[in-house]
Amino acid sequence: MKNESADDMWAELKSSKPKMIFMIVLVVGALAAVFSKSVEIPGLKAEHINLSYDQMMDQIYLSGLTSAQEADKKSQFIGKRVTWTGTVIDVEPGYRGNTIELSDGNKRSLADYFLEEVPDDQALSLSQGDTIRFTGTIDRFTNGVLTGYVHLTDVDLK
1481 MKNESADDMW AELKSSKPKM IFMIVLVVGA LAAVFSKSVE IPGLKAEHIN
1531 LSYDQMMDQI YLSGLTSAQE ADKKSQFIGK RVTWTGTVID VEPGYRGNTI
1581 ELSDGNKRSL ADYFLEEVPD DQALSLSQGD TIRFTGTIDR FTNGVLTGYV
1631 HLTDVDLK
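Heads up, this note's numbering is the position in the sequence shown plus 1480, with the first residue counted as 1.
What the hints contain is simulated information worked out from the structure, not anything from laboratory work. Keep in mind that this is a model prediction, so the values were computed, not measured. From the three backbone atoms N, C-alpha and C, an ideal C-beta is built for every residue, glycine too. Take the hints with a grain of salt, since some may be wrong.
Here are the computed distance ranges between Cβ atoms for each label pair [as the list claims (entries may be wrong)]:
id: 1; residue 1: Ala1512; residue 2: Asp1601; range: 16 to 24 Å
id: 2; residue 1: Asn1530; residue 2: Asp1487; range: 17 to 25 Å
id: 3; residue 1: Lys1560; residue 2: Ala1486; range: 17 to 25 Å
id: 4; residue 1: Lys1587; residue 2: Lys1553; range: 20 to 28 Å
id: 5; residue 1: Asp1488; residue 2: Asn1530; range: 19 to 27 Å
Below, simulated DSSO-like cross-link-like pairs (lysine-lysine); rule was C-alpha separation at most 30 Å, straight line [as the list claims (entries may be wrong)]:
id: 6; residue 1: Lys1554; residue 2: Lys1638
id: 7; residue 1: Lys1638; residue 2: Lys1587
id: 8; residue 1: Lys1587; residue 2: Lys1560
id: 9; residue 1: Lys1497; residue 2: Lys1553
id: 10; residue 1: Lys1638; residue 2: Lys1560
id: 11; residue 1: Lys1499; residue 2: Lys1553
id: 12; residue 1: Lys1587; residue 2: Lys1554
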């Protein structure tokens, strides 16, 4: 294989319509895959776990783990999907969609988890005190006073 300059490769690409079309299709397909959540790569579907919020918090924060063990336990949950029920505390607009602040179960107390990047057509129909069921992917954890908060993305409201 020759060591060609970028100018030589660009000139060759411009001189051949099939190569140019192939590259355009390749680039457009790659960009569509990067920006689309609907593209699923076989074998990379997120695992669904059947833990409640309380069970998860017990395993992370209330089981006497060291800070390193706690960080490791959190990393085991990131990327997993859960199905929970929560009570709407607030809906806040954001740069990439709305954030729905929820209290676990049907309690109307402090926030326990946040659904992020929720589109307007789903988020704007919610009111404070509504109880909703949803499935989402755990994106990250932030520490709270006694336990922590779970931030979920790729949310499907039921």
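Outcome of the hint check:
| no. | hint | verdict |
| --- | --- | --- |
| 1 | Ala1512 x Asp1601: 16 to 24 Å | holds (22 Å) |
| 2 | Asn1530 x Asp1487: 17 to 25 Å | violated (57 Å) |
| 3 | Lys1560 x Ala1486: 17 to 25 Å | violated (42 Å) |
| 4 | Lys1587 x Lys1553: 20 to 28 Å | holds (24 Å) |
| 5 | Asp1488 x Asn1530: 19 to 27 Å | violated (57 Å) |
| 6 | Lys1554 x Lys1638 | holds (26 Å) |
| 7 | Lys1638 x Lys1587 | holds (19 Å) |
| 8 | Lys1587 x Lys1560 | holds (24 Å) |
| 9 | Lys1497 x Lys1553 | violated (53 Å) |
| 10 | Lys1638 x Lys1560 | holds (18 Å) |
| 11 | Lys1499 x Lys1553 | violated (48 Å) |
| 12 | Lys1587 x Lys1554 | holds (24 Å) |
In this structure, the earlier hints numbered 2, 3, 5, 9, 11 are contradicted, and the remaining ones agree with it.
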